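**Q** Each chain is listed here by its residues.
There are 2 protein chains.
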Amino acid sequence: MLNKNPSRVPLMRFVLGAVSVAALLAGAPARAAEPVQPIELPKAVNPAQAELGKKLWFDPRLSRSGFISCNSCHNLSMGGSDNLKTSIGHNWQKGPINSPTVLNSSLNMAQFWDGRAEDLREQAGGPIANPGEMAFTHELAVDMLRSIPQYVAEFKQVFGSDKLSIAEVTTAIAAFEETLITPNARFDQWLKGDMKAINDQELRGYQLFKSAGCVACHNGPNLGGTSFQKMGLIEPYQTDNPAEGRYAVTKNDAERFNFKVPTLRNVELTYPYFHDGAADTLARAVDTMGRIQLGKTFSTQENADIVAFLKTLTGEQPRVVLPILPPSSDTTQRPRPFD
Amino acid sequence: MLNKNPSRVPLMRFVLGAVSVAALLAGAPARAAEPVQPIELPKAVNPAQAELGKKLWFDPRLSRSGFISCNSCHNLSMGGSDNLKTSIGHNWQKGPINSPTVLNSSLNMAQFWDGRAEDLREQAGGPIANPGEMAFTHELAVDMLRSIPQYVAEFKQVFGSDKLSIAEVTTAIAAFEETLITPNARFDQWLKGDMKAINDQELRGYQLFKSAGCVACHNGPNLGGTSFQKMGLIEPYQTDNPAEGRYAVTKNDAERFNFKVPTLRNVELTYPYFHDGAADTLARAVDTMGRIQLGKTFSTQENADIVAFLKTLTGEQPRVVLPILPPSSDTTQRPRPFD
Ligand code: HEC
Ligand code: HEC
Ligand code: HEC
Ligand code: HEC
Ligand SMILES: [Ca+2]
Ligand SMILES: [Ca+2]
Numbered sequence: 001m002l003n004k005n006p007s008r009v010p011l012m013r014f015v016l017g018a019v020s021v022a023a024l025l026a027g028a029p030a031r032a033a034e035p036v037q038p039i040e041l042p043k044a045v046n047p048a049q050a051e052l053g054k055k056l057w058f059d060p061r062l063s064r065s066g067f068i069s070c071n072s073c074h075n076l077s078m079g080g081s082d083n084l085k086t087s088i089g090h091n092w093q094k095g096p097i098n099s100p101t102v103l104n105s106s107l108n109m110a111q112f113w114d115g116r117a118e119d120l121r122e123q124a125g126g127p128i129a130n131p132g133e134m135a136f137t138h139e140l141a142v143d144m145l146r147s148i149p150q151y152v153a154e155f156k157q158v159f160g161s162d163k164l165s166i167a168e169v170t171t172a173i174a175a176f177e178e179t180l181i182t183p184n185a186r187f188d189q190w191l192k193g194d195m196k197a198i199n200d201q202e203l204r205g206y207q208l209f210k211s212a213g214c215v216a217c218h219n220g221p222n223l224g225g226t227s228f229q230k231m232g233l234i235e236p237y238q239t240d241n242p243a244e245g246r247y248a249v250t251k252n253d254a255e256r257f258n259f260k261v262p263t264l265r266n267v268e269l270t271y272p273y274f275h276d277g278a279a280d281t282l283a284r285a286v287d288t289m290g291r292i293q294l295g296k297t298f299s300t301q302e303n304a305d306i307v308a309f310l311k312t313l314t315g316e317q318p319r320v321v322l323p324i325l326p327p328s329s330d331t332t333q334r335p336r337p338f339d
Numbered sequence: 001m002l003n004k005n006p007s008r009v010p011l012m013r014f015v016l017g018a019v020s021v022a023a024l025l026a027g028a029p030a031r032a033a034e035p036v037q038p039i040e041l042p043k044a045v046n047p048a049q050a051e052l053g054k055k056l057w058f059d060p061r062l063s064r065s066g067f068i069s070c071n072s073c074h075n076l077s078m079g080g081s082d083n084l085k086t087s088i089g090h091n092w093q094k095g096p097i098n099s100p101t102v103l104n105s106s107l108n109m110a111q112f113w114d115g116r117a118e119d120l121r122e123q124a125g126g127p128i129a130n131p132g133e134m135a136f137t138h139e140l141a142v143d144m145l146r147s148i149p150q151y152v153a154e155f156k157q158v159f160g161s162d163k164l165s166i167a168e169v170t171t172a173i174a175a176f177e178e179t180l181i182t183p184n185a186r187f188d189q190w191l192k193g194d195m196k197a198i199n200d201q202e203l204r205g206y207q208l209f210k211s212a213g214c215v216a217c218h219n220g221p222n223l224g225g226t227s228f229q230k231m232g233l234i235e236p237y238q239t240d241n242p243a244e245g246r247y248a249v250t251k252n253d254a255e256r257f258n259f260k261v262p263t264l265r266n267v268e269l270t271y272p273y274f275h276d277g278a279a280d281t282l283a284r285a286v287d288t289m290g291r292i293q294l295g296k297t298f299s300t301q302e303n304a305d306i307v308a309f310l311k312t313l314t315g316e317q318p319r320v321v322l323p324i325l326p327p328s329s330d331t332t333q334r335p336r337p338f339d
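Those protein sequences? They're chains A and B, same order as listed.
Throughout the first sequence, residue numbering follows the UniProt record's numbering, covering 1 to 339 in sequence.
Throughout the second sequence, residue numbering follows the UniProt record's numbering, covering 1 to 339 in sequence.
So that you can see chain A by itself, here it is in the shape it has in the complex (with noise of 0.2 Å):
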């Protein structure tokens, strides 16, 4: 299975120049060795936990408006994001940052753009509990699922227990996004030999991007998440966002503006990019990354070649059955989304 350990993970922290990458990546190996992996089916999620999990995925009263679930910002129909710039939280509040796709993310060395939780389950007492998001409380969640006889006798089931906490909760909800991979992407089976599952242009584009030294930072099974890197290396990137990215976390005036890099799976389905959303396109968002991380200008037709690469790493997407919620019980506390 994959290390998910950042301190065992080649991090690259380190400043990459264009030459540098380029120099690293120049005698590119034979398919064994690349740097990019297919993605394996989770082998040890828990299937009850899974399930539970999916039905609090889904479930709205997670919030305090009843409204919005963790699918409304990470549409399992949508490539597990929202395709909004910025989301849209409690109350229609405008959100600071980009959303990102929740699909492999446990592949990723950390969570959020900062990495400021370390895994999943650390992430996903977070959303609950933002004002800016489903503005709930971890007691005012718990007291909900411990009204409604329906979660009791299921949480009972899965963890062998009557205690039902935030703790259950989040490990539940970590069990059913493990299962969110999307493994046999057209890439994959390339990878994996079939010379055909990919066409030239698509070939030549990946080509590109390791010769360019996009795969410095897009590694590993995921094409990211193995490191925090500088957005605009060597040109500085231009936004009205206010993310400071690591330093948030580190306050260490080297991280200013690192932010965890993302994964390429399912880039196709994940627009706007970057962390603020602003670019609309992958045309656009691979013309940025070319001109302030590596220094270089690709030709439209360099563009299009990468562009093509990246939409053969859409892989299947998980066949997510709707879960059925349980009935709240009479005495459940009715949502309040207007006050």
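Keep in mind that the hints were calculated from the coordinates and are not lab data.
As the structure is a computational prediction, the values presented were derived from the model and not from experiment.
For each residue, glycine too, the CB sits at the ideal point set by N, CA and C.
Be aware that a few hints might be false.
Claimed, not checked - Chain A is nowhere near these chain B residues, computed Cβ spacing over 10 Å in every case:
{"#": "1", "residue": "158"}
{"#": "2", "residue": "179"}
{"#": "3", "residue": "196"}
{"#": "4", "residue": "243"}
{"#": "5", "residue": "248"}
{"#": "6", "residue": "251"}
{"#": "7", "residue": "337"}
{"#": "8", "residue": "338"}
Claimed, not checked - Derived EDC-like pairs: lysine to aspartate or glutamate, alpha-carbon spacing no greater than 16 Å straight-line:
{"#": "9", "chain 1": "A", "residue 1": "94", "chain 2": "B", "residue 2": "339"}
{"#": "10", "chain 1": "B", "residue 1": "94", "chain 2": "A", "residue 2": "330"}
{"#": "11", "chain 1": "B", "residue 1": "311", "chain 2": "A", "residue 2": "330"}
{"#": "12", "chain 1": "A", "residue 1": "311", "chain 2": "B", "residue 2": "330"}
{"#": "13", "chain 1": "B", "residue 1": "55", "chain 2": "B", "residue 2": "154"}
Use these hints to put chain B with the ligands onto chain A, whose structure you have.
**A** Just chain B with the ligands now, kept in the frame of chain A:
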């Protein structure tokens, strides 16, 4: 198949006093002649249309914000409604009226609380362009779909023509909605002869439901949807909600405060109750109905019996595999949630 033409259904628009109703139902007939019939799965839905309609049902790009889909207010995880007093629409606007379930709504003689749409096709155009709901326009919705090659191809395949207008959109959505039937409730099993499918209390509840006169209005396979009736027949209904019911359509004073009798199928899941969403629990709704529609005050036991019966009306919920939506193209207009 069901006769959905209101003019051919006995509408009982005349005022029904408690006594006349009781008289009407005194000689409770053999099971074959029950005033409630089981529902069956729809026979002739076009599966390709329904599959396309399912995509549209879940696609928030039919709204101005890119955030609100049909499923936001008629959540198929929650009995086809949103379990809110009144809905949350574009820009967090407070809706005017409780969102009715879409489950089995094809069996109703007309759509909306006041019946202002004749059928599902006519209905489906409404919310897209309603400024308080999805706040889009039919033109922009159709432009959006036309800008997405996968949608264009699927419309062509399903309708056998290049025409992609709001008519095809609403036809497809309506075809999907026609699949949203919930057969095989325990009560239906009993109706079909399985004596053990409901217990003694539930049977007592059903007998009281008939003898008290509920069945005068809540009848047919949908236990409702066959007539408009005055809310507050015997005693006026107190509410702050300004909806005037059928009067808004006919401008006939005699129909002021007449509402379509809602289905009681899956009523366990569609709290809160009434057009203003004022009753949080079934016990409360049954109590109100007894008093203001029939002039009857049920004992605690009677109320509990009827509630127990109503809970036998929860059918098999539609098994919906979440659709994967075709991604926007580079030319698709991006949603504008905040302006
Ligand atoms: C109102 C919108 C909204 C809701 C609701 C929401 N999220 Fe998020 N989610 C976001 C945004 C925005 C981010 C990025 C925040 C950041 O990086 O600072 C995010 C980040 C994440 C990440 C990190 C992914 C990565 O690779 O870094 C995960 C996992 C996640 N959310 C899961 C959930 C779960 C589970 C829920 C429900 C309990 C949820 N989200 C509810 C908007 C939302
Ligand atoms: C030095 C590290 C680095 C290099 C080199 C690099 N990237 Fe990135 N890439 C990032 C980081 C960090 C982000 C996120 C930046 C942000 O959103 O603020 C990113 C974001 C992206 C995105 C947007 C993903 C999303 O979901 O928002 C795309 C597409 C992308 N990179 C493609 C490329 C391509 C193509 C190349 C080569 C031309 C490349 N990257 C080179 C670090 C790098
Ligand atoms: C913002 C909330 C909201 C959205 C979005 C929404 N609806 Fe509704 N829907 C309602 C409300 C509220 C009513 C009742 C309105 C009335 O009766 O005046 C309703 C009524 C209906 C009915 C009538 C059911 C019956 O038995 O009378 C149907 C069918 C329906 N909607 C389908 C849809 C479809 C299809 C879409 C998407 C194209 C949609 N709705 C989007 C809130 C919403
Ligand atoms: C004279 C007609 C009539 C009679 C008799 C009647 N109802 Fe109703 N019922 C209605 C109408 C009309 C509504 C919708 C009123 C509104 O929401 O304004 C309704 C609503 C309801 C609801 C709420 C459904 C929902 O989804 O909001 C329940 C539950 C209900 N009735 C049960 C009963 C029971 C139990 C009885 C007998 C004690 C009964 N009704 C008798 C006409 C009637
Ligand atoms: Ca994005
Ligand atoms: Ca309701």
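**Q** Each hint: holds or not?
**A** To see whether the hints hold, each was checked on the structure:
1. 158: holds, 19 Å
2. 179: holds, 13 Å
3. 196: holds, 23 Å
4. 243: holds, 18 Å
5. 248: holds, 24 Å
6. 251: holds, 31 Å
7. 337: Its Cβ does come within 10 Å of chain A, the nearest being 5 Å, so this is violated.
8. 338: violated, 6 Å
9. A/94 - B/339: holds, 11 Å
10. B/94 - A/330: Judged against 16 Å, a Cα distance of about 24 Å means the pair is violated.
11. B/311 - A/330: holds, 13 Å
12. A/311 - B/330: At roughly 13 Å apart (the allowed maximum being 16 Å), residue 330 of chain B and residue 311 of chain A satisfy the hint.
13. B/55 - B/154: Holds, at about 11 Å.
Hint compliance for this structure: hints 7, 8, 10 are not met, and every other hint is.
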